[in-house]
Amino acid sequence: MLNIHKLSISFQGEYLFEDISFRLKGGDRVGLIGKNGAGKSTLLKILSNEMEYDSGQVATEKELKIGFLKQDIDFVYGRTILEEAYEAFSEIKEVETSIESINTQLAERTDYESDAYHQLMVDLNEKQHQYEILGGYNYQGETEKVLQGLGFKRKDFEKLTDTFSGGWRMRIELAKLLLQNNDILLLDEPTNHLDIESIIWLESFLKNYSGAVVIVSHDKMFLDNVTNRTIEISLGRIYDYPKPYTEYLVLREELREQQLASQKNQQKQIEQTEKLIEKFRAKASKASMAQSLIKKLDKIDRIEVDEDDNSVMTLNFPVSITPGKVVVEMENIDKHYGDLQVLKDIDMMVARDSKIAFVGQNGQGKSTLAKIIVGEIDFGGHLKLGHNAQIAYFAQNQAEYLDGNKTVLDTMIDAANETNRSKVRDILGAFLFRGDEVDKYVKVLSGGERNRLALAKLLLQPLNVLVMDEPTNHLDIKSKNVLKEALARFQGTLILVSHDRDFLKGLTNKVYEFKGQKIKEYLGDIDFFLEQRNLENLREAEKRDVVKEQKNKTQVKQSYEEQKKLKSLNNRLSKIESKINQLEKEIKEIDVELESNYDATVADPNFFDSYQKKKQNLQDLMDNWEVIQLEIESF
3 MLNIHKLSIS FQGEYLFEDI SFRLKGGDRV GLIGKNGAGK STLLKILSNE
53 MEYDSGQVAT EKELKIGFLK QDIDFVYGRT ILEEAYEAFS EIKEVETSIE
103 SINTQLAERT DYESDAYHQL MVDLNEKQHQ YEILGGYNYQ GETEKVLQGL
153 GFKRKDFEKL TDTFSGGWRM RIELAKLLLQ NNDILLLDEP TNHLDIESII
203 WLESFLKNYS GAVVIVSHDK MFLDNVTNRT IEISLGRIYD YPKPYTEYLV
253 LREELREQQL ASQKNQQKQI EQTEKLIEKF RAKASKASMA QSLIKKLDKI
303 DRIEVDEDDN SVMTLNFPVS ITPGKVVVEM ENIDKHYGDL QVLKDIDMMV
353 ARDSKIAFVG QNGQGKSTLA KIIVGEIDFG GHLKLGHNAQ IAYFAQNQAE
403 YLDGNKTVLD TMIDAANETN RSKVRDILGA FLFRGDEVDK YVKVLSGGER
453 NRLALAKLLL QPLNVLVMDE PTNHLDIKSK NVLKEALARF QGTLILVSHD
503 RDFLKGLTNK VYEFKGQKIK EYLGDIDFFL EQRNLENLRE AEKRDVVKEQ
553 KNKTQVKQSY EEQKKLKSLN NRLSKIESKI NQLEKEIKEI DVELESNYDA
603 TVADPNFFDS YQKKKQNLQD LMDNWEVIQL EIESF
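First residue of the sequence shown: 3, per the working numbering; consecutive thereafter.
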């Protein structure tokens, strides 16, 4: 399907990766991993033909279709969600336009016996056949199914994309990619803007995807659930194993241990050989043996142990002062955005040292309540901060607040005060900004590097309450682990908005689910919440079954007259369906006859009148069928 051979690319004289080779085939679901800045997004851009490379080859099969979900996307304004999603079907839309044009011409023209009219009918038949092969009769239903799977409500479909946030627009772009018939999907951080339910849906979709998928993600659970192969970029090389992420780590460690053991044994042999060489050199009679051993030593293939980039940031959130027992108290909190009410009558009390997770679908008010707590937006109701509460806030788009025209060092110095300005370089070093890296401009940093800088800035202010909204977006797996360990050690109060199940696991002891303008409390971590939600979903299914049963009983009680009328309608519907099938069959036979023996067919002077009459009858029957069907549904 796709073959990479000895691929190399460098920036400013340093190789991101050099002489890497691998193949992609159908059914491969590859997790592409590595530290921030290792070259993962660069490799995806090369595979999608968006970036040139220095040397090597990228060989693909003829007419291979590649879909690429980037972290930054451009949107055309003025389209509804459905219209934007339908852009995935450009070929179908072109055929649709052609069919409409031909039908318009057939309706307007009267030269039924001309060659041009005949050609139009032949063209129409070909286009309709092509339309069916391309899936023209199914694409609208498929689009709605995928959009709903990614969290959109049916009522959202006719809204303009302009009215949605960047995260929701990213979902539309993801929907378009999933709907296209691509051979290879390249997904760069696809879960960054998805809630837990949508991530679970995407996992299921990708598991059943027949083509190849390459995913850059730092969500360990997502990688383990979806991928069957892992490629890690580390120090310019790649490590390729046919295993999902966690199993890959075990295999990689086992390989390094084997390499170390083999290297140790080889080193012993080399040392023994060197001792013999020194011993034989001293005697003239043994000189030839010494030369023979030297040649043998030169030919030895030295075993190398794979280098591992173990550099990780060090992070601690020291508590400034001890606050009162109650950190935040909220009563009757309301929040509107224009006519849209997001939160209604919210009551919550946050006790000192609480560890809380906010979860729920996007748009349900998680980030809104976080912003209310830190005083970023206006609201209705009452909120009171506890004694000595010092809140530090990490926004979901925190990295966007950084000035791209400043250097890393200037960003930190400008945010520091007299007491901690001298510690700026030490803090940057702890976040892996060392040496010349502190002089880099923010605009050239990767998404993960910007997030690390934003976290470093957070340490320049006193805090005992941490409110963090999606802090793991763009962070590599090792950095996420460091952040999780730091938050687990944090002695203060933590409020965490996140969709990353693995990150949340064991980190919080209380979960608030946001749904329908309200919040619901779960006393446990994310695993407990998901277990309870599954139980609730089962109960909901049971309730639906009970309602269905009650409905069936109600239907039995319908009057005799109603039952009689319903039976009559069903009989009429059945007869109409039979007539429709017969007419469609007759029209199809005429179309085939027209194609194979046009002159003989049109020789009959009544042919076109009869042909058009059959088509009109078919249309009348279908209109009638729709009326009766609606009447039946009203029962």
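Be careful, since some hints might not be right.
Derived DSBU-like pairs (lysine-lysine); straight-line CA-CA distance at most 30 Å [unchecked claim]: (1) LYS209 <-> LYS72; (2) LYS298 <-> LYS277; (3) LYS209 <-> LYS327; (4) LYS8 <-> LYS27.
Estimated spans, in silico, between C-beta atoms of each pair [as the list claims (entries may be wrong)]: (5) SER10 <-> VAL252: 53 to 59 Å; (6) ASN140 <-> PRO320: 54 to 60 Å; (7) ASP428 <-> ASP347: 43 to 49 Å; (8) GLU205 <-> LYS270: 55 to 61 Å; (9) TYR339 <-> GLU160: 52 to 58 Å; (10) VAL629 <-> LEU525: 39 to 45 Å; (11) ILE135 <-> GLU523: 49 to 55 Å; (12) THR421 <-> GLN271: 56 to 62 Å; (13) ASP164 <-> ARG258: 49 to 55 Å; (14) GLY143 <-> LYS590: 20 to 26 Å; (15) ILE296 <-> SER57: 34 to 40 Å; (16) ARG258 <-> GLY28: 28 to 34 Å; (17) GLU205 <-> LYS587: 43 to 49 Å.
No lab work stands behind these hints: they were computed from the structure.
Glycine included, C-beta positions come from ideal geometry on N, C-alpha and C.
Cross-check of the supplied hints:
1. LYS209 <-> LYS72: OK: LYS209 and LYS72 at ~21 Å, within 30 Å.
2. LYS298 <-> LYS277: holds, 14 Å
3. LYS209 <-> LYS327: violated, 47 Å
4. LYS8 <-> LYS27: Satisfied, since the Cα-Cα distance of roughly 18 Å is no more than 30 Å.
5. SER10 <-> VAL252: 53 to 59 Å: Roughly 30 Å apart at Cβ, these two residues miss the hinted range, so it is violated.
6. ASN140 <-> PRO320: 54 to 60 Å: holds, 58 Å
7. ASP428 <-> ASP347: 43 to 49 Å: holds, 47 Å
8. GLU205 <-> LYS270: 55 to 61 Å: 48 Å Cβ-Cβ, so the 55 to 61 Å window is violated.
9. TYR339 <-> GLU160: 52 to 58 Å: Violated: the Cβ-Cβ distance is about 19 Å, outside 52 to 58 Å.
10. VAL629 <-> LEU525: 39 to 45 Å: violated, 55 Å
11. ILE135 <-> GLU523: 49 to 55 Å: holds, 53 Å
12. THR421 <-> GLN271: 56 to 62 Å: holds, 59 Å
13. ASP164 <-> ARG258: 49 to 55 Å: Since ASP164 and ARG258 have Cβ atoms about 51 Å apart, the given range 49 to 55 Å holds.
14. GLY143 <-> LYS590: 20 to 26 Å: Taking Cβ atoms as reference, GLY143 and LYS590 lie about 24 Å apart, which means the hint holds.
15. ILE296 <-> SER57: 34 to 40 Å: Given range 34 to 40 Å: holds, Cβ gap about 36 Å.
16. ARG258 <-> GLY28: 28 to 34 Å: At roughly 31 Å between Cβ atoms, GLY28 and ARG258 fall inside 28 to 34 Å, so the hint holds.
17. GLU205 <-> LYS587: 43 to 49 Å: Because 44 Å falls inside the window, the suggested range holds.
Of the numbered hints stated above, those contradicted by the structure are hints 3, 5, 8, 9 and 10, listed in ascending order.
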